[in-house]
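Engineer: One-letter residues, chain by chain:
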Amino acid sequence: MDFSWVPAYTGLFLKAFGMTLRLGAIAVFFGTVLGLVVGILSTTKNRILKPIRVILKVYVELLRGCPLLIQLFMVYFGFPYMGINIDISLTTFLVFTLYSGAYIAEIVRSGIESISVGQWEAGYSLDLNYMQIMFRIILPQTIKLALSSLVGFYIGMIKDTSLASIIGYSELVRNGQSIMNQTGRPFETYIMVGVCYFIICYPLSKLVPVIERKAARYDRA
Amino acid sequence: MIELKNVHKNFGKLEVLKGVDLTVKEGEVVAIIGPSGSGKSTMLRSINHLETIDGGEILIDGKVMGGSAKQIKEARLNLGMVFQQFNLFPHLTVHDNIALAPKLNHRFEKEELEKTIDELLTKVGLLDKKNNYPPQLSGGQQQRIAIARALAMKPKYMLFDEPTSALDPELIGEVLRVIRQLADDGMTMVIVTHEMSFARDIADRVIMIDGGVIIEEGPPRQIFSSPKNERTKTFLKSILEREESVKEGLFTTAGIEIEE
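Sequence lines, in order, name chains A and B.
Residue numbering for the first sequence is 1 to 221, as defined by our numbering.
Residue numbering for the second sequence is 1001 to 1260, as defined by our numbering.
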């Protein structure tokens, strides 16, 4: 194995590392915001909101039921087909946000529904309204419950950003390919790429038990 | 005054309340007894609109309970509720459990609220648990906090839905003591309970519900000593026999009698 070429490509690796981080952060942040909104709306009982709930259900099921790679292709080829031209970064951000939003919406929805109905009743009997109960009583408990599955999903999402290389978004894998072409060292290059993913994902995975311990600290007598 | 007029409630095809009439005057303590599934909890929950009734009407101080969300919210201001399962907010400390609703409803100035919380916690004997979280407390302690939480909204009426049914026998007394103290303070209360001796001691009036209707009502002495209705007699007999067998140390579990 020969890693002597690495210093010369440090800049390129760092740039690619940054691009992966950026895509991961966007998917995580906007996906979480979108997922919270969709997840909360999906649990409402209001009759007027029923059509919106149906549309959101279709969105969540469609995106969860179709591989991310296919969604990337559909938008990448579909938009120009419809006469819409957006650049690769925007395409990638859009697809990743919608995809992670659909998954996070499901985590949020099932979390909200797992909170005992007694919590709602206690809130209403204390003269609180829907929004106050949702944001002060239900969501904090939901997030505490869902936090480890959320972080697990975030880790998966960051690893899935590698798929964006296929439509030409220049993240770690994409840049790894061009480095490999230039150096002729595929094995060492992919080891370096793997190390980069590990640097992002490992601390996140270590966060899960910390969060769980923190969340459980009040539950003991 | 709480008034129920010909209240009907269905769950699907099942008619749970079949025309209930009841008036609770200010300062009165009303105990509601009856077998499981008789509709007593549903009736209590209808009073603060946790159940929407299908017929009749409920008046709180002459105003109809129901209508718009705003009307319901206004009527609920006068009603405190304590649940069988306590329903404390597990992610908030005891202090924040009590403070949340008065704060969000702008019930007090900040200092006044703090004073009220301390007073209430002293009243239920749990001032030292102010900064604990509900899962760190026993069932009895949690229920006493739930009572303090309801009282913090300064309700005119308190509704208790089987407040001791989820508690271990040795923890029931501490909760009943707090409720008794409230009765002594003159609080108007409607209590759904299976604690017959407690109902006998504390209530001004006992209501027996069966099959979704009030089948008998009267002062506790009359209901417990000389019930007129056959079903009341049978119900009380079965409960008292069980209480007696507990006292004598005889327990019946799944058909097996254990003598201690």
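In case anyone wonders, no lab produced these hints; they're calculated from the structure.
Careful, some of the hints might be misleading.
Unchecked claim - Examples of chain B residues lying across from chain A (beta carbon under 10 Å, computed):
1. N1048
2. G1062
3. K1063
4. V1064
5. L1079
6. A1101
7. K1156
Said to hold, decoys possible - Simulated pairs of lysine to aspartate or glutamate, EDC-like, Cα-Cα distance not exceeding 16 Å:
8. B/K1018 - B/E1074
9. B/K1073 - A/E121
10. B/K1156 - B/E1170
11. B/K1129 - B/E1112
12. B/K1025 - B/E1243
13. A/K45 - B/D1204
Ideal placement from N, C-alpha and C gives every residue a C-beta, glycine not left out.
Engineer: Against the earlier hints, flag every one the structure doesn't satisfy and list their numbers going up.
Structural biologist: Going through the list in order, the structure violates hints 2, 3, 4, 7, 8, 10, 11, 12 and 13 and respects the others.
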